[in-house]
Structure formats: C-alpha cells, structure tokens
Amino acid sequence: MKKIFVIFLSIITLSSGMILGGCSMVNSHSEQEEMIQIAESKKMKKAIENELKALDPKALTAEGKIKSYEIQKDKLEYNPMGGMLVYVVLNNDHELNMNMTVLEEKTGEYRIASYFASDELDELVGGV
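Under our numbering, the first residue of the sequence shown carries the number 97, and numbering increases by one thereafter.
Calculated cross-link-like contacts (lysine to aspartate or glutamate; reagent style DMTMM-like; alpha-carbon spacing at most 25 Å): (1) 139 to 152; (2) 149 to 201; (3) 161 to 145; (4) 149 to 166; (5) 171 to 216; (6) 142 to 189; (7) 142 to 218; (8) 169 to 215; (9) 161 to 219; (10) 171 to 136; (11) 202 to 129; (12) 142 to 152; (13) 141 to 173; (14) 138 to 200; (15) 169 to 216; (16) 139 to 127; (17) 202 to 127; (18) 163 to 152; (19) 161 to 191; (20) 161 to 136; (21) 139 to 200; (22) 171 to 130; (23) 163 to 147; (24) 163 to 216; (25) 141 to 201; (26) 154 to 216; (27) 171 to 218; (28) 149 to 136; (29) 142 to 216; (30) 138 to 152; (31) 149 to 218.
These are computed hints drawn from the structure, not numbers from a lab.
Given only the sequences and the hints, what does the whole structure look like? Please build it.
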C-alpha cells in the first residue's frame, strides 16, 4: 500500500512539473512575441531614429555616417527596472552597435532613456 502511494505521489509530482514547465514555455514565447511587436512598431522606430539623428544629424541618409540599422530581435528583453532593452546593429556591421533602454511615456510614445554605444560607433560619429 505504501509503495502504491509513493508511486501515485511521484506521478502527480512529475505531471505537475511538466504542466508548469509547459505553461512557462508558452508564457515566455508570447512575451518574446510581444517584445518583437513593440520593437517593430512605428513609435519604436521613431524613437530609435531620433536617437541616431542625435548622434549623426545626417543619419539614415546618403550623406550620413549611419546608413542603416537593424534591431536584433533575438536579443530583446525586459529590463527589471522598467522598460525594454534593445540591441541595434548599424550599417550591417556588428562592431557598430548600440544597447538601448527604451521606456514608454504616459503619452504612449517611446523614448531612449539610456544607451551604450560600441567604441567603433563612437569613433565613426566622432566620439559623441
């Protein structure tokens, strides 16, 4: 009887673990999809492009040093202190990159609260 009870408890414990693990994976996947949707929004692009133009006034034009940017969707994550961490590669060169913390304002617009630019990017734009 005791052996059957232990087996029964083991089955219940394993089943609970599998169910909780499955729910956690689904939640993580939907959170990642939500971050990608935010990162691809027009409001996010506007915030990033404004920041790039602050670094290089001619950014994203033929005369600018910053020609293009790409948000690395696989590196998006929520900041535990608030906002979202966004990793951006510039000019298709992974050496030219920025890590940004993006916050949503009460108006619904996004703003770059802080960023870290790679040394190569600092050199490109003149050490801003």
